[in-house]
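Novice: Sequence:
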Amino acid sequence: MTEPSLVDYANAALDVGYARTAGPMLRRIIEMSKAIPVKTALRELEAEAERLDKDGQMMTADNVYLKNALDVTATEFEAAQRLIEANDKRIQESGQIIAPLAVTAKIFQQIAGKIPGNPVSPSAFPKYMKALKTLGVNWILPTALDFATGYVDSPAWTARMNAWGAGYAALIRETVLDGLRKGWGPKYTASQIRQYAENLPKSAAENLTRTLQLTAYRDASVAMESINGSFIQGKVRIARLDSKTCISCIALHGTVLQKGERIDDHFRGRCTEFYRVYGGPQFPATMQADSKPGDRRFVPWQSGNDWFNSLPEARQKIQDSFAHSPAKWRAFLDGHSLDEFVGEHMDDVFGRQVVEQSLIKALGDNAERYYTANQE
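Residue 4 is where the sequence shown starts when you use the numbering used here, and the numbers rise one by one after that.
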């Protein structure tokens, strides 16, 4: 087994910081989904669905058990919103704290060619600062919380949180009512609401707060680059290359960026950077590909497109994006590159995000032929 890389250590530090600050919140949200009011409402709805199905009747929008289950789910989201608001600042800070450590470790590795046992830890930094000074590098390590963007204090964050719980509750309600209009059966309707009530509050809260932490981390990293820019030539975007990586991130893997240019990513995206220092290598020698916990696999450095194009077709086909959209897979086989699916979204809180475009957005009218039935 190959030793962990600096990216592994930085990701582990982010995971630990997130677990400490968001873990109790997420556990509380899970507990809410198992509370007696939720369990009772879901059991009563399922019993009603069983009765309706047995009698050959449909669920209606004014069904008292349906309305109660939707009301209980709305209450869940309102409580989850309050928990996010109570913990968002600490979650944001967990990303801001780690960024100066991670950036310093990456630069030190490039200049000195080696790193200590746990490079992204406070105990490593007196060694870094002393060694960098010996090498003539006047590196500045500012206080982590005084130089990066504070999302949780912004009007955009406040507006999003004010509407977060009610917004999800309304979305679920409209989804269910639209399903009834389209002919959802009673038992299917009840099963969908159970899925929403038991899983969505936690996953939605995690999606938002994990993005908050990661974006704060990236902003603090950019600030470090600005403060210490005389030692940094630029950077290279690095993606986590495995079957779950979105094809836009694969396509952008290896992109050269300027110092101070943020690594924009989608919600919960984990792309990071390799720093170029003056006199150092322009790209890493190796990169991880299709690694798993306990089984890190390193291959010679190459762009994301070159890596993916070199994979066997059977491996390419199971990429999540293609597995979920056979039409995209057919377009790729027909010669459309991964680059064509790279899109951009402007989020009102986090700013520019890189996203994977749908087939229609990527190809326009030309997308229609890849949806043709029975085309393999």
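Rather than coming from a laboratory, the hints here were simulated on the basis of the structure.
There may be inaccurate statements among the hints.
Listed below are the simulated DSSO-like cross-link pairs for lysine-lysine, each with C-alpha atoms no more than 30 Å apart in a straight line [unchecked claim]: (1) K320 <-> K262; (2) K133 <-> K117; (3) K247 <-> K133; (4) K205 <-> K37.
Pair ranges (Cβ atoms, derived) [said to hold, decoys possible]: (5) P129 <-> A22: 42 to 52 Å; (6) G282 <-> E34: 51 to 61 Å; (7) R265 <-> N369: 49 to 59 Å.
Just so you know, even glycine gets a beta-carbon here, dropped at the ideal spot from N, CA and C.
Novice: Where does the structure disagree with the numbered hints, that is, which hint numbers, in rising order?
Specialist: Hints 1, 3, 5 and 7 are the ones this structure does not satisfy, whereas the remaining hints hold.
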